[in-house]
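Asks: Sequence lines, in order, name chains A and B. At position 139 of the first sequence the residue is numbered 139 (my numbering), and the sequence of numbers has no breaks. At position 36 of the second sequence the residue is numbered 1036 (my numbering), and the sequence of numbers has no breaks.
Keep in mind that the hints are not guaranteed to be accurate.
Only pairs whose alpha carbons sit at most 20 Å apart, straight line, appear in this in silico SDA-like list of lysine to any residue [claimed, not checked]:
id	chain 1	residue 1	chain 2	residue 2
1	A	Lys147	A	Arg109
2	A	Lys190	B	Lys1007
3	A	Lys147	A	Thr87
4	A	Lys190	B	Leu1101
5	B	Lys1007	A	Ala16
Here's a subset of chain A near chain B, in silico, CB distances under 10 Å, partners left out [stated by the list, open to error]:
id	residue
6	Leu13
7	Ile27
8	Leu56
Label pairs and their calculated CB-CB ranges [unchecked claim]:
id	chain 1	residue 1	chain 2	residue 2	range
9	B	Asp1043	A	Leu209	45 to 51 Å
10	A	Glu136	B	Ala1042	37 to 43 Å
11	A	Val12	B	Val1024	24 to 30 Å
12	B	Ile1012	A	Asn38	34 to 40 Å
These aren't lab readings, by the way, just hints derived from the structure by calculation. Even for Gly, the Cβ is constructed at its ideal location relative to N, Cα and C.
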Amino acid sequence: MRRRRSPSTGFVLAEALVALAVAAMTIALLTSATWGLNIAAERRAAAAQTSAVDWLAARRALSGWASSVTAQRMGNSLNSMTGTAATARMVVVQTGGSGATGPFVGELRVEAQDEDSFILIAALHPGLRDARVGSENARETQVIETKQPMRLIYLIPSGPGGRGVWRYETGSGDDGLPLAIGVEVGTERKITAPIHPTRSASCLALLGLAGVEDERCELR
Amino acid sequence: MRRGAAKGFTLIETLVALAIAAVVINGFYSALSTGTLLDRRADDQAQMVLVASTVMDQVGIDIPLRLGSNTGQAEGLAWQLVISNVRAADMQLGPAYENELIFVSVSVTDPTGDNAPVVLRAVRYAQSPL
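Whole structure, please, built from the sequences with the hints as guidance.
Replies: Listed below in structure tokens is the structure:
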């Protein structure tokens, strides 16, 4: 018995081609989107808090910190700033823009999270007048994170020609305030922030313009 | 068998659909590639600003505040530092010593030429006139 050929009920050629084309385009789009996301994720992972923008923000924070250096009372710059490779603290008497209601200690601190994670933290200790101590109720902000060891370094106003020498601690303060503070990552100094103030802000507030010429107001 | 029974897309419909799909995909691709390019350029510009700021910070500390020019390289970028004097008359600051005000300019260029140069300028006060 001869079988009767039935009318085709499947796709026609054009429909099949269009379906294949749409499928191919969808796969291509998904593949390229996945590739793009992977590239973006790799870039972000590589940047990981150490992009140029982050360093610019850290530089701004450190410059602001360095420009706030002052002394707590007339003629006494001792204990107004103390620094080691891991911690730098200073007494700030100005209140404008700081959000604090009185003197406070501004702190920069390097913490090692893991073997390859180091964080620079800026903290504000309200109510303190001695840079040698800290407090538990500090307000803290993470400034930057690096994979290499990070250290604080200071330009001490001594050495040949008075140009200063870079040290990892400020010492007893007999040399006066540092000329600059820097952040060293690995063996490279990434940020250099000059410490411009040469007179005690509280001293100038007390004596007025005469304090500019008064030796008791000198910070360095 | 009677021809014309098939009810699939016509060739014109298929071509129009493909053209529309091509336009849409091209739009997506253009947006993605433009975004990636701008992101890279922003990173490059930030890197150039960072190098310029770093050099500017080093003036008076690692680099003497002395009239003249200096060049160097950092992070694969070339920088040029120019230190020159400023005439006080130009600044309308009244009496001032000669060379008391110092003009400091740092320009950073990308050796590949892909990015526009970044220039930072500042006026410094020399405690002892140069």
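Asks: For the pair we were handed, Lys190(A) and Leu1101(B), check the Cα-Cα distance against 20 Å.
Replies: 28 Å, violated
Asks: CB of Glu136(A) to CB of Ala1042(B), is that within 37 to 43 Å?
Replies: At roughly 40 Å between Cβ atoms, Ala1042(B) and Glu136(A) fall inside 37 to 43 Å, so the hint holds.
Asks: May I ask you to test the hint 45 to 51 Å on the CB atoms belonging to Asp1043(B) and Leu209(A)?
Replies: 47 Å, holds
Asks: Regarding Ile1012(B) and Asn38(A), is the given constraint of 34 to 40 Å on their beta-carbon distance met?
Replies: The hinted range 34 to 40 Å holds for Ile1012(B) and Asn38(A), with Cβ atoms some 39 Å apart.
Asks: Regarding the hint that Leu56(A) lies at the interface with chain B, is the smallest CB-CB distance below 10 Å?
Replies: This hint holds: Leu56(A) lies near chain B, its Cβ roughly 5 Å from the closest one there, short of 10 Å.
Asks: Hinted pair, alpha-carbon criterion (20 Å max): Lys147(A), Arg109(A). Please report holds or violated.
Replies: 16 Å, holds
Asks: Quick one, are Lys190(A) and Lys1007(B) close enough, alpha carbons at most 20 Å?
Replies: 71 Å, violated
Asks: Does Thr87(A) sit within 20 Å of Lys147(A), going by the straight-line distance between their CA atoms?
Replies: 18 Å, holds
Asks: Any CB of chain B closer than 10 Å to the CB of Ile27(A)?
Replies: 12 Å, violated
Asks: Per the hint of 24 to 30 Å, is the separation of the Cβ atoms of Val12(A) and Val1024(B) within bounds?
Replies: 25 Å, holds
Asks: For the hint on Leu13(A), does the least C-beta distance to chain B fall short of 10 Å?
Replies: 7 Å, holds
Asks: Would the pair Lys1007(B) and Ala16(A) pass a check requiring their Cα atoms to be no farther apart than 20 Å?
Replies: Given pair Lys1007(B), Ala16(A) holds - Cα atoms ~12 Å apart, limit 20 Å.
Checked against the numbered hints above, the structure violates hints 2, 4, 7; every other hint is satisfied.
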